[in-house]
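**Q** Position chain B against the provided structure of chain A, taking the given hints into account.
There are 2 protein chains.
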Amino acid sequence: MIAVTILGNNSAMPTIDRHPTSQIVTINDSIFLMDCGEGTQFQMLKYKIRRSKISHIFISHLHGDHYLGLIGLISSFGILNHLQDLHVYGPSPLKEIIELQLKISNTQLPYQLFFHTITKEGLLLENDKFEVRCFKTNHRIACFGFVFIEKIKNRKLNIEKIKQFDIPICFYKKLEEGLDYITKDNLKINNTELTDAAPKGKIYAFCADTKYDESIIPHIRNADLIYHETTYLDNQKEKAELRFHSTSKQAALIAKKAEVKKLLIGHFSSKYIELDDFESEAKKIFINTEIATEGISYLI
Amino acid sequence: MIAVTILGNNSAMPTIDRHPTSQIVTINDSIFLMDCGEGTQFQMLKYKIRRSKISHIFISHLHGDHYLGLIGLISSFGILNHLQDLHVYGPSPLKEIIELQLKISNTQLPYQLFFHTITKEGLLLENDKFEVRCFKTNHRIACFGFVFIEKIKNRKLNIEKIKQFDIPICFYKKLEEGLDYITKDNLKINNTELTDAAPKGKIYAFCADTKYDESIIPHIRNADLIYHETTYLDNQKEKAELRFHSTSKQAALIAKKAEVKKLLIGHFSSKYIELDDFESEAKKIFINTEIATEGISYLI
Numbered sequence: 141m142i143a144v145t146i147l148g149n150n151s152a153m154p155t156i157d158r159h160p161t162s163q164i165v166t167i168n169d170s171i172f173l174m175d176c177g178e179g180t181q182f183q184m185l186k187y188k189i190r191r192s193k194i195s196h197i198f199i200s201h202l203h204g205d206h207y208l209g210l211i212g213l214i215s216s217f218g219i220l221n222h223l224q225d226l227h228v229y230g231p232s233p234l235k236e237i238i239e240l241q242l243k244i245s246n247t248q249l250p251y252q253l254f255f256h257t258i259t260k261e262g263l264l265l266e267n268d269k270f271e272v273r274c275f276k277t278n279h280r281i282a283c284f285g286f287v288f289i290e291k292i293k294n295r296k297l298n299i300e301k302i303k304q305f306d307i308p309i310c311f312y313k314k315l316e317e318g319l320d321y322i323t324k325d326n327l328k329i330n331n332t333e334l335t336d337a338a339p340k341g342k343i344y345a346f347c348a349d350t351k352y353d354e355s356i357i358p359h360i361r362n363a364d365l366i367y368h369e370t371t372y373l374d375n376q377k378e379k380a381e382l383r384f385h386s387t388s389k390q391a392a393l394i395a396k397k398a399e400v401k402k403l404l405i406g407h408f409s410s411k412y413i414e415l416d417d418f419e420s421e422a423k424k425i426f427i428n429t430e431i432a433t434e435g436i437s438y439l440i
Numbered sequence: 141m142i143a144v145t146i147l148g149n150n151s152a153m154p155t156i157d158r159h160p161t162s163q164i165v166t167i168n169d170s171i172f173l174m175d176c177g178e179g180t181q182f183q184m185l186k187y188k189i190r191r192s193k194i195s196h197i198f199i200s201h202l203h204g205d206h207y208l209g210l211i212g213l214i215s216s217f218g219i220l221n222h223l224q225d226l227h228v229y230g231p232s233p234l235k236e237i238i239e240l241q242l243k244i245s246n247t248q249l250p251y252q253l254f255f256h257t258i259t260k261e262g263l264l265l266e267n268d269k270f271e272v273r274c275f276k277t278n279h280r281i282a283c284f285g286f287v288f289i290e291k292i293k294n295r296k297l298n299i300e301k302i303k304q305f306d307i308p309i310c311f312y313k314k315l316e317e318g319l320d321y322i323t324k325d326n327l328k329i330n331n332t333e334l335t336d337a338a339p340k341g342k343i344y345a346f347c348a349d350t351k352y353d354e355s356i357i358p359h360i361r362n363a364d365l366i367y368h369e370t371t372y373l374d375n376q377k378e379k380a381e382l383r384f385h386s387t388s389k390q391a392a393l394i395a396k397k398a399e400v401k402k403l404l405i406g407h408f409s410s411k412y413i414e415l416d417d418f419e420s421e422a423k424k425i426f427i428n429t430e431i432a433t434e435g436i437s438y439l440i
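Respectively, the protein sequence lines represent chains A and B.
Per my numbering, the very first residue in the first sequence carries number 141; after that it's consecutive.
Per my numbering, the very first residue in the second sequence carries number 141; after that it's consecutive.
Bound conformation, chain A alone:
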């Protein structure tokens, strides 16, 4: 299971109730932060995010509304006496900016801070439970989207068949891991008779800031959920093009062509007070669309 919690759903200019981009992605017990606009640490307090669990932060690009909250969060982790390593992934010169700010404030962090400068598409992070990849988007400055791919190795128990052979519960974990079962009478039962193939892991793609560009489709194809920015409505598509942003229709078109299961839209221009039109415009093209709402967790 993957959960995506929205901390900010607005574009550069905040409004009274919409904040700059920031999302929490939870995979099993791991919590990742994606983008960190100004005030992200306040949003974490408001929505009771377990900050202490965060050890990896991914920054899509260096427009202020996507990273200005990072230095405050890094400093607060210091005050909170975090001891675990913190890894920050983002384009250059994120490392230089943060290190300059820490230096001039004479801040000594009690934990190790590692920067991983993103320069090209590909794998960023992997373990046996998930992987995180990045891909280029088409924005005014270097910008990357991120894909979280859950790995499920364990085979799925076929309880009905298992019960036929009276297999003790303590052996279930081994069955999930693919072991065959040997009965008391020394009869071997093949694992494939007792379990089904591991289910496909869930996939979430965060498409960051981008103008309409089908070149991102191979990276997000068949995802269970994607987040695609919709800074403007369709009647502002020239402005969207000019500013390297997307409209609601364009986001829906990407979702449709990439054959994803669900689309979350966000990064709304502060000029829009009501957001209903974004959803209705997108739904005409891709029905399973939802407004990314601050404080809400979307489970896949």
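Check each hint, because a few of them may be wrong.
Which copy? The list can't say, so a pair holds if one copy fits it or any two copies do.
Okay, derived cross-link-like pairs now, EDC-like style, lysine to aspartate or glutamate, Cα gap no bigger than 20 Å in a straight line [stated by the list, open to error]:
1) K411 - E399
2) K351 - D374
3) K186 - E414
4) K260 - E354
5) K188 - D157
6) K340 - D169
7) K324 - D268
8) K186 - D157
9) K276 - D416
10) K186 - E434
11) K411 - E378
Hints in this document: simulated from the structure, not taken from any laboratory.
**A** Here is chain B on its own, set in the frame of chain A:
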């Protein structure tokens, strides 16, 4: 009249309802921003500050909780298409940090941004209605407090005496400016007979972050209102000393020795949930003490 509006009253680590340092100082029609912790622009939205009126920002020092909201505010002024010049006063290398961030985000501001690097105590800004001066405080890195001094040139009309001479209302302004009055019978009445000396302008001093240090007293003596930090209660005075911060008792002692009229206290450590003890501790030494509360304007 001077009004001080508190936008943030907490120290480095924000809490759910207390934010990093930021204050608005209003003198007549001029609005100044003093310090600009992360999220200051959200606080301005919340408390309906007329952002468009701000053309001078004073930053006391480069600990993050006093300036990290500045780049976001500068960027938002750009998106809002502000055209008037913006002047930022603060220690080095504030200019370098902000300019680096603007450069890497490829941001072109529609207005002129001027930096005034503060290196020593003295006058920062002056016109015929006010002056702003700065003074050194005793903190872990270079840090300055600010004093706002209202200038009142106009003499005070003595209405009782004016009425004795049947002087037309249209001449009142000239009387305030110090002119003598000539009657129809060509009799000169000295201005000093009709007016009293101009009242003393109000003085507000923002003492920034500082450990207990009586050397600030000459700069704030007899002020109508001072803001002095009280990061800790008295039982944490060793920690305060070590971290170059003050306790509530120390702030009150400074207010008493400087013979000011009123003391506002703030910059509370996030470890304190309730703030009542700060006020009661300070009041034992200096009775006219008040907790600086977010969203409240203090008029002098």
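**Q** Looking at the structure, which of the earlier hints fail to hold?
**A** When the structure is compared with the hints, numbers 1, 7 and 9 turn out to be violated.
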